[in-house]
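Residue numbers (this note's numbering), protein chains in the order written: chain F, 1 to 317; chain B, 1 to 317; chain P, 1 to 317; chain Y, 1 to 317.
To be clear, the hints were calculated from the coordinates, so they are not data collected in a lab. Backbone N, C-alpha and C define an ideal beta-carbon position, used for all residues, glycine too. Treat the hints loosely; a few may be bogus.
[Said to hold, decoys possible] One side of the interface only, derived from the structure: several residues of chain F facing chain B at Cβ under 7 angstroms:
#1 A28
#2 F29
#3 M31
#4 F35
#5 L133
#6 M149
#7 G191
#8 T205
#9 G210
#10 V234
#11 T238
#12 F245
#13 S257
[Claimed, not checked] With a straight-line cut-off of 16 angstroms between C-alpha atoms, the simulated EDC-like cross-links for lysine to aspartate or glutamate are:
#14 P:K251 <-> B:E296
#15 P:K251 <-> Y:E296
#16 B:K251 <-> B:E265
#17 F:K251 <-> F:E290
#18 P:K251 <-> P:E156
#19 B:K251 <-> B:E290
#20 P:K251 <-> B:E290
#21 Y:K251 <-> P:E296
#22 F:K276 <-> F:E247
#23 F:K251 <-> Y:E155
#24 B:K251 <-> F:E296
#25 F:K251 <-> F:E155
#26 B:K251 <-> F:D81
#27 B:K251 <-> P:E247
#28 Y:K251 <-> Y:D188
#29 P:K251 <-> P:E283
#30 F:K251 <-> B:E290
#31 B:K4 <-> B:D81
#32 F:K251 <-> F:D211
#33 F:K94 <-> Y:E155
#34 F:K94 <-> F:D81
#35 P:K251 <-> P:E290
#36 Y:K251 <-> F:D81
#37 Y:K251 <-> P:E283
[To be verified] Derived list of chain B stretches under chain P, where covered just means 3 residues or more per stretch with a C-beta under 8 angstroms from a C-beta of chain P:
#38 32-45
#39 178-192
#40 204-213
4 protein chains.
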Amino acid sequence: MIEKIRITLADVFEARGQSKRFGYAFDAFLMTLIFANVLAIVMESVPSMAHEHARFFTYFELVSVFIFAIEYLARVWASVDLNRFADSSLSPTKRRLRYLISPMAVIDLIAILPSLLMFLVPFDLRFLRVLRLLRIFKLTRYSRAMQLMLNTIQEEASSLFAAFFIMTVILIIAASGIYLLEHDVQPDKFGSIPAAMWWAIITLTTVGYGDTVPVTLMGKIFGGIITILSMGMVAIPTGILASSFSEQLRKRRRTYSEMVHQLMEDGIICHQERIKLNELRLELGLSVQEAAHLEEQVRDQHPLLKRFCPQCGHNLE
Amino acid sequence: MIEKIRITLADVFEARGQSKRFGYAFDAFLMTLIFANVLAIVMESVPSMAHEHARFFTYFELVSVFIFAIEYLARVWASVDLNRFADSSLSPTKRRLRYLISPMAVIDLIAILPSLLMFLVPFDLRFLRVLRLLRIFKLTRYSRAMQLMLNTIQEEASSLFAAFFIMTVILIIAASGIYLLEHDVQPDKFGSIPAAMWWAIITLTTVGYGDTVPVTLMGKIFGGIITILSMGMVAIPTGILASSFSEQLRKRRRTYSEMVHQLMEDGIICHQERIKLNELRLELGLSVQEAAHLEEQVRDQHPLLKRFCPQCGHNLE
Amino acid sequence: MIEKIRITLADVFEARGQSKRFGYAFDAFLMTLIFANVLAIVMESVPSMAHEHARFFTYFELVSVFIFAIEYLARVWASVDLNRFADSSLSPTKRRLRYLISPMAVIDLIAILPSLLMFLVPFDLRFLRVLRLLRIFKLTRYSRAMQLMLNTIQEEASSLFAAFFIMTVILIIAASGIYLLEHDVQPDKFGSIPAAMWWAIITLTTVGYGDTVPVTLMGKIFGGIITILSMGMVAIPTGILASSFSEQLRKRRRTYSEMVHQLMEDGIICHQERIKLNELRLELGLSVQEAAHLEEQVRDQHPLLKRFCPQCGHNLE
Amino acid sequence: MIEKIRITLADVFEARGQSKRFGYAFDAFLMTLIFANVLAIVMESVPSMAHEHARFFTYFELVSVFIFAIEYLARVWASVDLNRFADSSLSPTKRRLRYLISPMAVIDLIAILPSLLMFLVPFDLRFLRVLRLLRIFKLTRYSRAMQLMLNTIQEEASSLFAAFFIMTVILIIAASGIYLLEHDVQPDKFGSIPAAMWWAIITLTTVGYGDTVPVTLMGKIFGGIITILSMGMVAIPTGILASSFSEQLRKRRRTYSEMVHQLMEDGIICHQERIKLNELRLELGLSVQEAAHLEEQVRDQHPLLKRFCPQCGHNLE
């Protein structure tokens, strides 16, 4: 009986089988709750709001943490039946431990920890309050955008790290140079290399607040050169990411073409295959025209596939 | 008789049939009027100008609104005969209602509404005056650039939304962090998370006004990290749009190649086909050299098309 | 005799025939003179420099203008024998008139005009002095970079114009909105829509001086939205130009491949053809490896060309 | 005996033969030392730190310079046996001289020179101290990122130089224009064209400190135009680098495909070839999926290679 409840819970969490619909509803409810939490925490930081609606914020927080805590415990308990452990021979305890150290479980824990501490320990309250905002990362489970960003960063990690390394080198050189040139005139702003780094970073990223600015002739000349370098600094990550994005576009089209090719090997695309293709199209984010064009290209490239009528699948020979 | 006038009006509005030329002239007149209106409204906001030429602005506005109102009513009346309803079996009233809720009709209404309100209701005048500027969107009907932009945004909507979502998450984290670190030192500028968002947004977009700037050591370190992230923030939409633009270029060339291929199937490109190709070339914004090259490529790829002399179309076999 | 001098002059100006070397030397001399002139004019604007070396600047200017004037007259006189008129049947006078209205001739005239006016008319001296800087455009004749930029701008003119149009629309909307929201609080900075445009343009281009900044809550919210739009504004021209540059790279490789294909049709690339290829390679700015790779690709794609030994051209069958 | 030591040293420096492991350890040790040095020099510039830990910094510097000096001398001594001289017939002295003028040897010398001068000459101490930071360039030997950046800059040198030239021209025009328009109102900020260049460069790179800003109407209009141009200025290098990066991605995939094609010519990829491929994959920074896909493509394009079972290499005919 208890096992049955556990399996149903796992079904809901993974939106599979008969609990698919309920799983979607549960996800929608949690996302709404997370958004409401973020909004509430942001609003609570406004003194007047915090004062007026103090009670509401406290109760809302209590209810939210309660739900998140229940969710966390339920997920840990039901983790035994997750898809990823379907073929493994681990014991239930080991499965739960393995789930506990998975990134999503850690995020779920972080989402409730600051509030628990707040109720227990007499800590710096404001710090813990803001820390609750970390529960925004719970959205990672639901947002394709955040997963895509994480993927892009992972894939381009080496390039981005190289760009970051070069940036650090330029940063140190820029800070040292301006420190040498402006130190005597503006000792309060360029008093040491770490202090000068604030100017360097604000300039190299083209933010340019203007709170620290070189004033000597040599400082301005050196600053001007660094400023021109800053354009390259912006251009390098932009170039990496722009290449990466166009590459991803290319890959998606290729994936779709291959699927079309495979499904067409018997000469026709039946109704079920059409549904499958459409799902893939949506998943890859391709437009209807784009997909139609790719399909046509596959037909053109593989003349054998043309022996059948593309409309009805009738063998034309 | 009245029906004839209505059909002629529709012909003018859609620049078709015998009224083509008159339709172009009408478009040119309306565009000029819209530009003049925008200029007048901008100028009227200068106090000295508004005072000196008060009369001129009032009369110009009256005449403009009158013309736009007549245009609006005429378009609604003639909408029965528009191309889009050519094959439909809707009743005239339904056609008009359907036209009334089309985006362009709504824009046309918005263009005259603020002025009508201004003459009727004792409302906040300045607000309504500036609202008249919304008639700049009437240009959407004529400007390929604005249609292209809308298309690009539509096509890349999901990517741009993903970028926007990630940006919001980073924004909230940046604002919360700086709020924690700078709240005590600068309570007037970083008094709450929403207040700190002004700093976050100005920094993450690399605008960097410098009106709110972290001053504590920890605030500067955190600010520096956020500033470096800002480069990624600029890079992501740039990457998406750059990929999208190069993709569009590719699509245009493909469209042209396909048209050439289709027209060449009979072995020659006759005079009429040449005119058609040239129109397509202009529509796609391809240069003469580019088009010539694409044509040559098509000839090379399809050797069957080479059996005919590419100069005179003589069958060479 | 005089005709001979004229032809020699034209030879020098176009660096052709026997006067090739002298033509190159003449170009180098003129470029140096233009650079020296720009430097002198920039330096002369520094009051202390202008005062100390007043005499030097005057004499240098006199000599420079004299040389530029002689050059201009010589070019006009010799324009009869320019390459572009080689096959035309125009009379010498008409050739010269046509040359006079060519862009380069106009630039040459502009280079000397301000100085002539300065010696003749009692005009605003500083304005004319700075106007002399326009002679920097004389470099267009020699700089491939400036010609390339002009070409890119010409080719992408329609896209860039579209981007510019959209930017103007956004600019007007941004200026109107901030004018409405900040007018009452900061009438000195947002007193009219044209005044508010200064803020709009500085924000939309992400320059962000911080001299005019919204201070009201609504103004900051609207400003934040405009600031996010600014990222798109930067991204659009970047996207257009990035696509255009990668397109140009593609075109160059194609041009090289085609030349290789053409030269290889007889199975071998002889010494003279090799020199020709190398010249093309330099002109297109391709690296040696890139060129070698393209050559190999051509050989692979056209197996017929492989029947001959790629080293010595010996027929291998 | 001494020769044996020298050869062992060269083996360590080039991480070859039996000393491979020791070579890697030596590299790791040197990299750590360089990082520690950079950190120490940056920290020493903070007055309080320099005062408190004066002794530590002095000893650390002494030890570091000693190690770097030994390294330098050892490298020069062992340079006779470097790989690059393996096939040359130069005398040992000539080899050492040639090594001495190689870029890496010069960087190694620069890394120790300021400290030597500091101990010897009574020079401006702070200047020499900061100059020691140049030893950060010693990392070039170990960092693929810095080598990659140098390669990209070399390859795109002509394009980047063209962009730089155009930027200089726009810079001079912007500075001259704003000098003319703002000189009378703000003589302290726009007193000469070189002074106005500070504003021009800060604006054209979109840094926008806001320390010098046009205030007159004409100055603002001109400034606005320059600001819009600034977007193009940022776009041009971004475009060049984005194209260059996507080109490099393309090249890498091509290199991998070619290697696969070559290794597959005998129909199978044996274990050793698989190791070789994997090494190439890591060197090119390709993901496993990408590599697998490229391999499949090669198989598809060359049907001859399919006559063998891709799994076991069995001849299928």
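Verification of the supplied hints:
no., hint, verdict
1, A28, "violated, 16 angstroms"
2, F29, "violated, 19 angstroms"
3, M31, "violated, 12 angstroms"
4, F35, "violated, 11 angstroms"
5, L133, "holds, 5 angstroms"
6, M149, "holds, 5 angstroms"
7, G191, "violated, 12 angstroms"
8, T205, "holds, 5 angstroms"
9, G210, "holds, 4 angstroms"
10, V234, "holds, 6 angstroms"
11, T238, "holds, 4 angstroms"
12, F245, "holds, 4 angstroms"
13, S257, "violated, 14 angstroms"
14, P:K251 <-> B:E296, "holds, 14 angstroms"
15, P:K251 <-> Y:E296, "violated, 29 angstroms"
16, B:K251 <-> B:E265, "violated, 21 angstroms"
17, F:K251 <-> F:E290, "holds, 14 angstroms"
18, P:K251 <-> P:E156, "holds, 15 angstroms"
19, B:K251 <-> B:E290, "holds, 14 angstroms"
20, P:K251 <-> B:E290, "holds, 9 angstroms"
21, Y:K251 <-> P:E296, "holds, 14 angstroms"
22, F:K276 <-> F:E247, "violated, 24 angstroms"
23, F:K251 <-> Y:E155, "violated, 27 angstroms"
24, B:K251 <-> F:E296, "holds, 14 angstroms"
25, F:K251 <-> F:E155, "holds, 13 angstroms"
26, B:K251 <-> F:D81, "violated, 47 angstroms"
27, B:K251 <-> P:E247, "holds, 13 angstroms"
28, Y:K251 <-> Y:D188, "violated, 53 angstroms"
29, P:K251 <-> P:E283, "holds, 13 angstroms"
30, F:K251 <-> B:E290, "violated, 27 angstroms"
31, B:K4 <-> B:D81, "holds, 11 angstroms"
32, F:K251 <-> F:D211, "violated, 45 angstroms"
33, F:K94 <-> Y:E155, "violated, 54 angstroms"
34, F:K94 <-> F:D81, "holds, 12 angstroms"
35, P:K251 <-> P:E290, "holds, 14 angstroms"
36, Y:K251 <-> F:D81, "violated, 46 angstroms"
37, Y:K251 <-> P:E283, "violated, 22 angstroms"
38, 32-45, "holds (count 5)"
39, 178-192, "violated (count 0)"
40, 204-213, "holds (count 7)"
The earlier numbered hints that this structure contradicts are 1, 2, 3, 4, 7, 13, 15, 16, 22, 23, 26, 28, 30, 32, 33, 36, 37, 39.
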